[in-house]
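As you go down the protein sequences, you meet chains P and H in turn. For our numbering, add 5 to where a residue sits in the first sequence, where the first one is 1. Under our numbering, the second sequence has 313 at position 316, and the numbering climbs by one with no breaks.
Among these hints, one or two may not hold up.
Within a straight-line C-alpha distance of at most 25 Å, the following computed SDA-like cross-link-like pairs (lysine to any residue) qualify [said to hold, decoys possible]:
#1 P:K99 - P:V125
#2 P:K98 - H:R52
#3 P:K99 - H:L163
#4 P:K27 - P:P180
#5 P:K27 - H:E111
#6 P:K98 - H:E93
#7 P:K98 - H:S134
#8 P:K99 - H:E93
#9 P:K99 - H:R121
With the C-beta cut set under 7 Å, the calculated list includes, among others, these residues of chain H facing chain P [said to hold, decoys possible]:
#10 T48
#11 L50
#12 R70
#13 R73
#14 R74
#15 L78
#16 G80
#17 Y82
#18 A84
#19 D86
#20 Y88
#21 L89
#22 R100
#23 L101
#24 P129
Some residues of chain H that are not near chain P, with every Cβ distance over 12 Å (derived) [said to hold, decoys possible]:
#25 I169
#26 Y191
#27 R221
#28 V223
No wet-lab data here; the hints were simulated from the structure. We put the beta carbon where it would ideally sit given N, CA and C, even for glycine.
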Amino acid sequence: MRVPAVLADADVVARRNLTKIKRVPDLLVFTTLQPIMFVLLFSYVFGGAIGSALGGGGSAGEAYREFLMAGIFAQTVIFGATITGSALAEDVKKGIIDRFRSLPMAPSAVLAGRTLSDVVNNVIVLVVMSLTGLAVGWRIRSGFLDAALGYLVLLAFAYAVSWIMAWVGMLVRSPEVFNNASFIVIFPMTFIAITFVPLDTLPGPLQRFAEWNPVSSVTQAAREQFGNVIPGTPEPTAWPLQHAALYTVLWALVILAVFIPLANLQYRRSTSR
Amino acid sequence: MTDAIDATGLVKRYGDVVALDGVDLRVPAGTVVGLLGPNGAGKTTAVRILTTLLRPDAGSATVAGVDVLADPREVRRRIGLSGQYAAVDEYLTGFENLQMIGRLYHLGRPAARERARELLAAFRLEDAADRPARTYSGGMRRRLDLAGALVAKPPVLFLDEPTTGLDPRSRIEMWDVIQGLVASGTTLLLTTQYLEEADVLADTIVVIDHGRVIARGTADELKRQVGGERLEVTVADGDRLADAVQALGGLGVGEVSTEEHRRSLTLPVQGGSAVLVDALRRLDAVGIAVDDVGLRRPTLDDVFLTLTGRPAEDVAQRAEEVA
Ligand SMILES: Nc1ncnc2c1ncn2[C@@H]1O[C@H](COP(=O)(O)OP(=O)(O)OP(=O)(O)O)[C@@H](O)[C@H]1O
Ligand SMILES: [Mg+2]
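Next comes chain H alone, as it looks inside the complex (with noise of 0.2 Å):
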């Protein structure tokens, strides 16, 4: 299959800052790529040179087959576009949002009529359709934002923080319109700050830091680089939490890490529940309380706080581990 979005060594800087230091990224039509990275990672930097608006200094990009700085008017023909921040005419309605979006799309009149009613059905602003955007919360500008990308039903949709400030609600319609999208066929790219989201949606993570790719892989690809399963532990009493690593020493795979406001400690362990049950009775044994045990398979989270909390040294050690 064809790669939808392709792009090559893409280098940014702003005086100093670099923002991108040679991104490769190449996402197979009809798949869903998360861009995942720390605040100032390069994820916006990526969508804006990909969408046209913005020059690499050097590098390459083609999207949905079109070379992004050769034919730059072909390419916006063919992807939709929603930016990190909202950008909806304030003095129009909704609905003349959406509508003017679409004749410049060249929908056409009625066309571009009808799309916008579609898409404000879709997303939940018909009773806000015909009021001026301006007097629409922080949630309903999004989403009309996101209504704006969808109007010309583009094969290639670049979506930079998508549900940033919508309530659970619309967040999880959201999802829902996205993954109806990737059914029918559309090639996402999506930034997102919620892990939980990436996991739902994305085929594959890509998570930048510094304006490189430190990891890429399936979800559970990256759930498993960084580590398998682990015991967590809250002690009732805080000051026995020292006496409950001691207790615990020996049962896992690795370091004990503790975190005494939560007064908690989290261990590396192997064999599922087996652990769990001798590890409270170890406990039980010296007479240290529990409120409460678990055992935890890694999140996305645990991956993003592994792979870029850490000194840029690391950081840049682990990107040639992964090159």
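The following block holds chain P by itself, in its conformation from the complex (with noise of 0.2 Å):
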């Protein structure tokens, strides 16, 4: 099939989910309270603690408002790629799936339209989290274009995440089972990374973990978009966080590449009941 025609038919697929946005908006309140309410505990409780650690200017928890916002949006972003999974596990298990496929649509325009929704979706969610981000005090010290690539490198890792959960999804599929099972993993992901604390605050093993962990580079990469890097923090030693902006990319071309024909395949082979 022509590529104009799974883009018309993808397009198609992608209002259909944002129309479950504009149906059902306390979905969208709740993805984002959530990392509101992390940004204001995180900010409020740990705030001193950890901000004395990082040093820089100004107060302990202004420092770590600044060092924070970053790691928030990486695991929003990121949190908010798992709907990707839960919404087509929903589609099978409602029988919607069945439904595309007795259709004449091309069979990749269901999933492209659904991982593009997600990304209208985190855009919406990281619009909120800058808001509140601006409203506790933080702010981008760098150049409009930096800060762009900044939002851009979160979004494209996202994606692309957002391709490992529609596999998941299509394979479990039961949202209930997928949501646990996404956030045993997710959780450890975005707290074993230099999110929420500085690399050094980390027990060694652990450090290992987080310095190649992408979850870190994701956040490195924006932190340093954004201009948030607390000047007088260690220079990172690992490649990764040396080249955060490109290691991410690359994670994300990587499972691009590996996840999108396993989705697609799995989707191919799908049936509800």
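Join these two chains into a complex; the hints should help.
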């Protein structure tokens, strides 16, 4: 099938997905409420303790909020990417995927549309989170282009993660199982990283893991792009963190190369009951 | 005339379960075939294979002249499907559901909208058209799902239990819609648990059980196969059922069967109303009061029960007789 035809179908599917946000706004409220709560809890509960370890100018709390936001962004968009999996599992369960599969549409359009609409979802969430950040004193200290690139890296990485979630969602076919399973994996992934604490506060083995964890590199990349690296913090020694943006993009490309075909294969195989 | 559906030797296994065990099916274009069978017989499995949702382990099929396995996309262009469980998007309105399906059939935006409106009217969903389907009743969802199968006016339609959950009025309206489609040349494969529905709609009936075809033919042919008329008597006093059986001895052409809790007996007969009169006289002679008496011709229900209400060995044996 020609590419424009696939895109046209994907567009129809993506619009359908976004209608759900419109009809059930609570969904968006709750996906953003949790990270907002994290911002507030982390910055005011841990801010003093971790902030003083960070050094930099201003109060400890201010320094930590500056440091924290990129980590929160990274965690939020990755959790946003899990929507892809739970929504697809839901569609399989409800027979919607069967409906799609009986139509003469491009088969790849269902997953393409889903992952695209979840990018839109993540954009909305990033806007809300940025406003929250601004409200607690976070600032972008770089130029417009740098900041835009920062957001782009976050969205690109989350987009890639979406495709992992698509595959898993079609595989487990149950939204409940998917949500529990993804939480168990993603929660540690986003915590054993430099999202919320500086690298040198982690114990040795976890430090190695965090250095190579792409969640760290996407956080580091965003931090750099937003100009939020606290002056005086030690330069990273691990290659992935020295080339955070590059390392993140490489990860994204590998994930896409592996999981786009896998997810599409699973889509063709999937049956509802 | 060419066959709109032509399947040969379809086999599908799920682990140890043999869902389909070599099913052949030929449906001439413009006709309606009713696929009947008890729960778990393999009806849905057959529908899913023919609509490209499932690949068979063996066998081949063409739908509207296109090979289901070789060219599923082309098949999908020519079919409409309403599965056993309504597959509507709960968050979209009825209109949006149908419009989306229209666009995925590549009707183009204006045509998709117009078709959606038409179908909502045809299925009496106009008032609910702009409400999310989440707020629909079960029957409304079912109708919306059926409308979805008709969006592209496909030449071949597959409806898996289309009227399950519909109220009598909706069911009859559904029949009207289906008869209209068939009159305009649509081929239809329909599964149903309502045998009356098969009787009204289907040109031919295929009965499957344990994944095998155990009978096929027109409704009349199948009824004849099960037997002729039967006399049914319900006695007023259940204690006298045995006496009644004795009184009627020799009247019928087969064995009498009784149902104690309904105080009724059934026996196969020949000879029409004369037999009925004779039966009443005999019962009267021994003083048995009668609540209800009548001659019945076999219904499809009888066909169904006779064919499938037996141990598996008998069914298999019957399958051989049919083959
Ligand atoms: N995905 C599956 N996994 C395992 N077994 C299955 C699966 N789908 C169907 N079966 C089995 O295959 C057999 C045929 O099922 P099918 O759904 O085709 O029956 P059916 O005739 O449509 O029944 P019903 O009237 O209850 O809808 C059943 O024994 C069923 O348990
Ligand atoms: Mg079924």
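>> Let's test the interface hint: is any C-beta of chain P closer than 7 Å to that of H:A84?
In response: Status holds, d = 4 Å.
>> Hint validation: H:L101 versus chain P, beta carbon distance must be below 7 Å. Holds or violated?
In response: Given a least distance of 4 Å, the restraint on H:L101 holds.
> Does H:T48 pass the interface hint, meaning its C-beta sits closer than 7 Å to a C-beta of chain P?
Replying inline: holds, 5 Å
>> Holds or violated: the hint that H:R100 contacts chain P, with Cβ atoms closer than 7 Å.
In response: With Cβ-Cβ at 5 Å, under 7 Å, it holds.
> Does the structure keep P:K99 and H:R121 at a Cα separation of 25 Å or less?
Replying inline: holds, 24 Å
>> Just to be careful, I want the Cα atoms of P:K99 and H:E93 compared with a cutoff of 25 Å; is the pair within it?
In response: Holds, at roughly 17 Å.
> Hint check: is the beta carbon of H:L78 less than 7 Å from a beta carbon of chain P?
Replying inline: holds, 4 Å
>> Does P:P180 sit within 25 Å of P:K27, going by the straight-line distance between their CA atoms?
In response: Since the Cα atoms of P:K27 and P:P180 sit roughly 21 Å apart, the hinted pair holds (cutoff 25 Å).
>> What's the verdict on P:K98 and H:E93, does the C-alpha distance respect the 25 Å limit or exceed it?
In response: holds, 20 Å
> With a cut-off of 7 Å, does the beta carbon of H:Y88 approach a beta carbon of chain P closely enough for the hint to hold?
Replying inline: holds, 4 Å
> Does H:D86 pass the interface check with chain P, least Cβ-Cβ distance below 7 Å?
Replying inline: holds, 6 Å
> Against chain P, with CB atoms and a cut of 7 Å, does the hint on H:P129 hold up?
Replying inline: H:P129 check passes; min Cβ-Cβ to chain P is 6 Å, inside 7 Å.
Against the hints set out earlier in the document, no violation occurs for any number.
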